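Participant: If you read the sequences in order, they're chains U and V. Using my numbering, you'd call the opening residue of the first sequence number 992 and step up by one each time. Using my numbering, you'd call the opening residue of the second sequence number 13 and step up by one each time.
No lab work stands behind these hints, which were simulated from the structure alone. Since this is a predicted model, take the numbers as computed values, not measurements. Some clues are possibly wrong.
[What the hints assert, rightly or not] Result set (DSSO-like, lysine-lysine): computed pairs, CA atoms no more than 27 Å apart in a straight line:
no.: 1; chain 1: V; residue 1: K246; chain 2: U; residue 2: K1108
no.: 2; chain 1: U; residue 1: K1106; chain 2: V; residue 2: K338
no.: 3; chain 1: V; residue 1: K250; chain 2: V; residue 2: K338
[What the hints assert, rightly or not] Pair ranges (Cβ atoms, derived):
no.: 4; chain 1: U; residue 1: L1079; chain 2: V; residue 2: E18; range: 37 to 43 Å
no.: 5; chain 1: U; residue 1: L1079; chain 2: V; residue 2: Q524; range: 55 to 61 Å
no.: 6; chain 1: V; residue 1: E480; chain 2: U; residue 2: R1109; range: 20 to 26 Å
no.: 7; chain 1: U; residue 1: Q1078; chain 2: V; residue 2: H547; range: 56 to 62 Å
no.: 8; chain 1: V; residue 1: G240; chain 2: U; residue 2: T1048; range: 48 to 54 Å
no.: 9; chain 1: U; residue 1: G1088; chain 2: V; residue 2: E637; range: 28 to 34 Å
no.: 10; chain 1: U; residue 1: R1109; chain 2: V; residue 2: K78; range: 44 to 50 Å
no.: 11; chain 1: U; residue 1: A1120; chain 2: V; residue 2: R508; range: 45 to 51 Å
Ideal Cβ placement from N, Cα and C applies to all residues, glycine included.
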Amino acid sequence: MTKEWKPRIVAFFCNWCTYTAADLAGVSRLKYASNVRVIRLMCSGRVDPQFILEALTRGADGVLIGGCHPFDCHYVEGNYKMLRRYQLLKRLLADMGIEDQRVRLEWISAAEGEKVKRVINEMTQQIQALGPLGFPSKVADWDREMTELEHHVTAAAAGGCACGESEMAAAKPEVAHV
Amino acid sequence: MNSNREELRIGFYVCHCGHNIAATVDCAEVARYVGTLPHVALSREYKYMCSDPGQELIQQDIREHKLNRVVVASCSPLLHEHTFRGATEAGGLNPFYFHMVNIREHNSWVHTDRKEATEKAKALAQAAIERVAHHKALEVKRVKIHADVLVVGGGIAGIHAAMTMANAGKKVYLVEREPTIGGHMAKFDKTFPTLDCAACILTPKMSEVGNHPNITLWTYSEVTKVDGYVGNYKVTVKHKPRYIVEDACVGCMECIDACVYKTPKFEDEFNEGLGKRKPVFIPFPQATPQVVIIDPETCLNLKTGKCKKTCVEACADRMAIDFTQKETFDEIEVGTMIVATGFKTFDAKRVPAYGYGIYPNVYTALEVERLVNASGPTGGEVITRDGRHPKSIGIIHCVGSRDKKTNVWCSRVCCMYSMKLALLLKEHTGAEIYNFYIDIRTPGKGYEEFYNKLLDEGVHFIRGRVGEVTDWAMTPEEEGKLTIRVEDTLAGYVRRIPVDMVVLATGLEPQQDAQDVRRLFNLSCGGEGWFLERHPKLAPVSTFTDGIFIAGGCQGPRDIPDTVAQAGAAAAECLALIDKGYVEQEPNTAFVLAEECSGCKSCIPLCPYTAITFDESSKVAVINEALCKGCGTCVASCPSGSIVQNLFEDDEVFSEIKGVLAYD
């Protein structure tokens, strides 16, 4: 990447509140950073953690999820379901070494065009400061390790069970320090 | 019909929207770039895609170029997705082979850098191209619409809407939480600019509502629960105990005369606390229904159980008084609803500098409406709280309006009602009237003429926001008076004007419980708390919930003509739905791939609509399509990935993610 780096943020907005708020920001001609690419879903409850991981894996530097405020979900409680998954996923992401600011959940009602602008600008600035996530290359590394590990295991299994165990033991530290 | 095995031929269209998009996004470049993507058979730019020629273009291309997918990059799908699906269908394709890219609200209108905006448009367009490849042909479901309607709120908006629909032969439930219908309008003396007597034009409508065979009028009742969806709502209505059997009461008011309280003693809500009433009362002579009510807070029998119950004696064999009455509930089924819950007036105590609640002769405008009214607490005689006939009166405009400290919006009606009150007060008292205003706003038929008439009548207009109202006299003329201190911005100096009476033109605010009502009906609110319309220009009475419409002051400050017009519009929207007989539902429901479901049941408790059940014989989850509303929560949480949501399939979303990130 020789081009000047700019944060790329993928956003998942619920149809009823946050997507409408983003429309309102447009109608109100508010100006904000152009780094966010919005994907519309019917409800924040539809946001599968895999969507977030997929976005990061494909090169997003951050992911923003927007849903209705508590008690305001068009589908009663989809936003809570998202919140539960989000809490779990955040711990997993922290373990992977992904900074807290990169994945963010915000409640934005249909009237809060201003908040869309503020959140997007804030997030863009924060991620600009953090720099590129570079997750695709990390994932590629992990994939390679997994393949190598697989080779070790198959080779060990072919070589006999007693030495197979020692080979496995030898393979482990190699994975850990990469 | 069209499977993924067939060669994909995608047609892409980027709309200029006049200059709305083209000024910020290089549409030609977007069209060129998308044209280089795989499976794109043709890529065009056009000035107005939503216009007839624009739609015709899509249809023609589908036929001539054998397109089997269509993508349009233009405005928000919430605005025109329906239009382009229609064009796609007219061209001979399944309408769901279409996808829309929002490059106006989400792009050209919010960005200024042309290069960045163009790059974003390319990325979003690429995502749509990737996504549309996975689209499936879907069928629109038709749901029957229940012909009955519920109107919530019995002010002029609710009354007009209910009458319109009842006259069209529909069965209407009108629910009002106060003991009578009529709302704010019933309290007004005259209406601007024609000076029609408010009661004379309203009360005939009220009694018509009360007697209409198609209207079920429930006063002193509230909606407590709303279930279901457009066409098939189940609504629970709570009837509060009024301690009167409505059917038995004939409105003779003998019980009121017989009450153990010989004279009215308690603050009369209808007269804004200026008059008194008994514990058993009727809000005002033309109240509809003509049924008395007993206030449990002040009734001796209900409070202490120790009373001679002279009212019961007076009622005699009519037996309309029932002290044992409890709350009751009704459950009704309706297809559509109109929410017309109105507004409340600004609490003038929030601006202490104007002395409301401190100086007795400071009034709110609504109090003055009652004061000048012939059936008001003084019979229309303007006497101040300290018993004087005012010789000079100051009317302060914009109290709780156009003020960053309170409410920023213009309440729209205050200029006009202030001038109306100025005229009425002048007629009643012959006093000198001073209006203190920021701007005079008279946008309406005959309104400016009314303002000119007042100028001719010699009503004073002083431009300036009033600093304070004080009883601190600086000169002998100010002794015993209220002095209004104001910077006269036309004359260019600070003036002190002593008056006998001050009227505060309080603004309009959302109802105290607007948020609760909003949640009940699944509506949205603007930042100020007014209910949000689906589109400010083109869908002003629709909401984001299908089948629920809004009318009148609950949507924002408006005057009576606009309220009535809106109520009529909302009624027409309901009638249009009812007479069509069915609604088409977005086919975004979820279904279970039975062969992949492991039967773990984790989806079942997640569904807020209990649409998912477990089939014991095949040991898999089953989704009832009629109950599913298409949120996709179950889909996102299925561990085996065996639930699919139409229009938002995993593959579709994943390809969209891939697409937005593919463009670098």
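Participant: Using the beta carbons of U/L1079 and V/Q524, state whether their distance is inside 55 to 61 Å or not.
Facilitator: Given about 39 Å between the Cβ atoms, the range is violated.
Participant: Given the hint that U/K1106 pairs with V/K338, test it: the Cα-Cα distance must not exceed 27 Å.
Facilitator: Given that 27 Å is the threshold and the Cα spacing comes to 46 Å, the pair is violated.
Participant: Does V/K246 pair with U/K1108 here, judged by a C-alpha cut-off of 27 Å?
Facilitator: Roughly 38 Å separates the two Cα atoms, so the pair is violated.
Participant: Holds or violated: 37 to 43 Å for the Cβ distance of U/L1079 and V/E18?
Facilitator: holds (41 Å)
Participant: Do V/E480 and U/R1109 keep their Cβ atoms within the hinted range of 20 to 26 Å?
Facilitator: violated (37 Å)
Participant: Within 48 to 54 Å or not, the Cβ separation of V/G240 and U/T1048?
Facilitator: Given a distance of about 41 Å, which is not inside 48 to 54 Å, the answer is violated.
Participant: Holds or violated: the 28 to 34 Å window for the beta-carbon distance between U/G1088 and V/E637?
Facilitator: Violated, since U/G1088 and V/E637 (Cβ atoms, about 43 Å apart) do not stay within the stated range.
Participant: Could you see if the CB distance from U/R1109 to V/K78 stays within 44 to 50 Å?
Facilitator: Holds - the Cβ-Cβ distance for U/R1109 and V/K78, about 47 Å, lies within 44 to 50 Å.
Participant: Compare the distance between the alpha carbons of V/K250 and V/K338 with 27 Å, and conclude whether the hinted pair is satisfied.
Facilitator: The hint holds at about 10 Å.
Participant: Lying within 56 to 62 Å: is that true of the beta-carbon distance U/Q1078 to V/H547?
Facilitator: Violated, since U/Q1078 and V/H547 (Cβ atoms, about 36 Å apart) do not stay within the stated range.
Participant: Holds or violated: 45 to 51 Å for the Cβ distance of U/A1120 and V/R508?
Facilitator: violated (57 Å)
When held up to the earlier numbered hints, the structure conflicts with 1, 2, 5, 6, 7, 8, 9, 11 and fits the remainder.
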